Amino acid sequence: DAKTTQPNSMESNEEEPVHLPCNHSTISGTDYIHWYRQLPSQGPEYVIHGLTSNVNNRMASLAIAEDRKSSTLILHRATLRDAAVYYCILRDVRSGTYKYIFGTGTRLKVLA
Amino acid sequence: NAGVTQTPKFQVLKTGQSMTLQCAQDMNHEYMSWYRQDPGMGLRLIHYSVGAGITDQGEVPNGYNVSRSTTEDFPLRLLSAAPSQTSVYFCASTLRQGRSPLHFGNGTRLTVT
Chain A
1 DAKTTQPNSM ESNEEEPVHL PCNHSTISGT DYIHWYRQLP SQGPEYVIHG LTSNVNNRMA
61 SLAIAEDRKS STLILHRATL RDAAVYYCIL RDVRSGTYKY IFGTGTRLKV LA
Chain G
1 NAGVTQTPKF QVLKTGQSMT LQCAQDMNHE YMSWYRQDPG MGLRLIHYSV GAGITDQGEV
61 PNGYNVSRST TEDFPLRLLS AAPSQTSVYF CASTLRQGRS PLHFGNGTRL TVT
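From first to last, the protein sequence lines are chains A and G.
In this text, residue positions in the first sequence follow this note's numbering: the first is 1, and each later residue adds one.
In this text, residue positions in the second sequence follow this note's numbering: the first is 1, and each later residue adds one.
Rather than coming from a laboratory, the hints here were simulated on the basis of the structure.
Keep in mind that this is a model prediction, so the values were computed, not measured.
We put the CB at the ideal spot given by N, CA and C, even for glycine.
Among these hints, one or two may not hold up.
Output of the computed footprint for chain A on chain G, the stretches with three or more beta carbons under 8 Å from beta carbons of chain A [unchecked claim]:
1. 37–43
2. 48–59
3. 104–112
Sequences and hints are given; from them, build the entire structure.
Structural data, given as structure tokens:
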């Protein structure tokens, strides 16, 4: 399985944009990029995913580099409720590869 | 639509006891999986299943058994609990491997004394 690398922690001020990076230099052409977050004392929740093109939803945007070796999760206006651990993982859609492996993620601190 | 339901929410076991953590989903998802999360750590995959009758090992399978007799249910069994299995356990499911998001349950907090 291709691996991802994320910074251990980041800080942001409330109501400012946050860019959370993820490196995945060994990504294959069939790997989807998924982002999840885990709020304190809760289970992980889905944020966004994409393959090649940039993606937007009500929670965030996902910017994928042209060579797909890195991606960035963008929270447009951080709120205190966005303080969480954010996980970037790769998922291969080829049959025979079924493991969703989570790393340690990036702990985002939002300052009031 | 209940999503992924895990029971119990909390459990305390003595070393050597056995128990089953329950996980059920009502979304007709083929893929289900179990993770454990130790304090301050990330998620580690224990076992997963790609459909009824099919299971496989994840990163940390030792000490745990699973079975998948129906699409809806994926129980996790601890045959002889050890203090090292004290953790929070999460069950997750998804419809289409890779293309669809994982849906997580709210977790079971297990303490083994």
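Exercise. Given as covered by chain A, does the stretch 104–112 of chain G meet the bar of three residues or more with CB within less than 8 Å?
Worked result: holds (count 4)
Exercise. Within the assertion that chain A covers the stretch 37–43 of chain G, do at least three residues meet a Cβ-to-Cβ distance smaller than 8 Å?
Worked result: Three-residue rule met by the stretch 37–43 of chain G, so holds; n is 3.
For this session: Examine the stretch 48–59 of chain G: at least three residues should have C-beta closer than 8 Å to a C-beta of chain A.
Result: holds (count 5)
In summary, the structure agrees with every hint in the numbered list given earlier.
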